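**Q** Based on the hints, put chain Y in the right spot on chain P.
Number of protein chains: 2
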Amino acid sequence: MAAAKGEPLGIVAGGGTVPLYVAEAAAHAGRRVFIIGIDGEADPGIAAYPHEFLKWGQIGRMQALFAEHGVGELVLIGNIRVRPDFSRFKLDLGAIRIVPKVLGLLSSGDNDLLSGVIKLFGQLGYKVIGAHEVAPDLVAREGVLGRRAPAATTRRDVSRAMQAARAIGLIDAGQAAVAVNGRIVALEAAEGTDAMLERVASLRKAGRVKWSGRAGVLAKCAKPQQDLRVDMPTIGLATVKAAAEIGLAGIAVEAGRVMIVDRAEAVKLTDRSEMFIVGQASDREERG
Amino acid sequence: MAAAKGEPLGIVAGGGTVPLYVAEAAAHAGRRVFIIGIDGEADPGIAAYPHEFLKWGQIGRMQALFAEHGVGELVLIGNIRVRPDFSRFKLDLGAIRIVPKVLGLLSSGDNDLLSGVIKLFGQLGYKVIGAHEVAPDLVAREGVLGRRAPAATTRRDVSRAMQAARAIGLIDAGQAAVAVNGRIVALEAAEGTDAMLERVASLRKAGRVKWSGRAGVLAKCAKPQQDLRVDMPTIGLATVKAAAEIGLAGIAVEAGRVMIVDRAEAVKLTDRSEMFIVGQASDREERG
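Quick mapping for you: the protein sequence lines, in order, are chains P and Y. Everything in the first sequence is counted per the numbering used here, starting at 1 for the first residue and increasing by one. Everything in the second sequence is counted per the numbering used here, starting at 1 for the first residue and increasing by one.
Because the hints were derived from the structure by calculation, they are not lab data. Here the structure is a predicted model, which is why all the values come from computation and not from measurement. Be aware that a few hints might be false.
To give a feel for the contact side, a few chain Y residues facing chain P, derived at Cβ under 10 Å [stated by the list, open to error]:
id: 1; residue: Gly125
id: 2; residue: Val128
id: 3; residue: Val180
id: 4; residue: Gly192
id: 5; residue: Ser202
id: 6; residue: Lys205
id: 7; residue: Arg208
id: 8; residue: Ser212
id: 9; residue: Gly213
id: 10; residue: Ala215
Subject to a maximum C-alpha distance of 25 Å in a straight line, what follows is the list of computed DSS-like cross-link-like pairs (lysine-lysine) [stated by the list, open to error]:
id: 11; chain 1: Y; residue 1: Lys55; chain 2: P; residue 2: Lys210
id: 12; chain 1: Y; residue 1: Lys55; chain 2: P; residue 2: Lys55
id: 13; chain 1: Y; residue 1: Lys205; chain 2: Y; residue 2: Lys119
Even glycine gets a Cβ: it sits at the ideal position worked out from N, Cα and C.
Extracted from the complex, chain P is given alone in its bound form (with noise of 0.2 Å):
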């Protein structure tokens, strides 16, 4: 954290725990916070920091609080379950000011909404920063996270699905790809990690893909291109109870570049199912 501990951390938090986690971490290095949630996603543990609920759209009313509490470096973090729907913004004087901008970023794809929207914070005057800055334990380390290590039989659905992962990062097409026993049954694109793994269990019962015991690698990574700042790939315990419950062997991320949400718990699961969770290096070579 480059900013004096004396500013606090602005934190717009969207779904999910991540936000208190990023609060937690700042808190616990000394840095007061202050927490814009989004209506209808934040967590109410939200109200556990300084905090006002503020529904999209309000920019201006965003821009007073943290004007107020001397805000100027934020951390934009949390799950949108619903991409905003722009015609039912409460939109007010702040907001109508930057409505062109909006308009154009509403139209455009996932990734340059993103960077967009990083690029009109920075327009407003704030620096936008990485979650994983203010909370490196969010971030996957290399290496072995649980108890088990990948068996030597698994070793090659670990390289195939980080192979097929980074592939499809490259094309910008999605970050999560499964492997089991050397073939590839599964892509992500616009489905997400979750449907993904659905499908995989659906093959399966189907009979299209086989296996007994646990066999087989979900992979996750960052895409080349991605703004960790504000998209970082996630791993929560949701994926972690879908891939326990298709029998899959285990988990690769890239490390560093792959957050992994509600750690000790879906670590603690992974152990318990017999599973692996690994960090590979994002520079290893993949070869399957």
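**A** This is chain Y only, laid out in the frame that chain P set:
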């Protein structure tokens, strides 16, 4: 066709109409055919040609029939809905001799299975040739195949979807991809092209991927390492119909390496649906 026209062409026929097209093309070129239809898979229409229906595993009988009709050159063609269940094979003496080889094949991956089948037929003394060598018209040629060409705005999606289909082919994961307004929304792996298209339909219905009017492109390519003799990718009426129902603007296939089944009907359907279907050269550099 290198073989003398005097020697009949053997066709081992799975399901669908492609085996009939191959038989027709051979007959049209003045070559006799003898078809072995796989029981429960092959179209009854093969009865228009000298033929016999056999069950999986009747390899001795197949050899006897091919010997009787003087067949040395074979096409293996048509859908196999169910991957053969070895436990239900009706094994004749010819099959029992090759049981160890067949067992080895059935435990291998798809690509290995197919190249193993070719090798096996080779060991039995047959030369396996591709359906496209007998019926070159089955294969998409380069250029616009129907009445419509992709609009300037859609050409980006042709490039994006082709780029994606090639990228996943390179890693031996799948053959097809869908791009809409510059974004890759679906990548095919074990689920197959039609299931991938159903997913795009669901994503659109759920508002996860939005567009109005016709937009977006389905692309299909052969994997670089794919053995086109037994495993050429196909686009059929079902695929065109699904693409039309989803609201895609068109279909791009790799010229010379993708079969269009029921082509006249398929192209007519794209025309009627105000869609395009286009063959893209294999060696063309695609940049989004």
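**Q** Can you give the numbers of the hints that this structure goes against, from lowest to highest?
**A** 1, 2, 6, 8, 9, 10, 12 and 13
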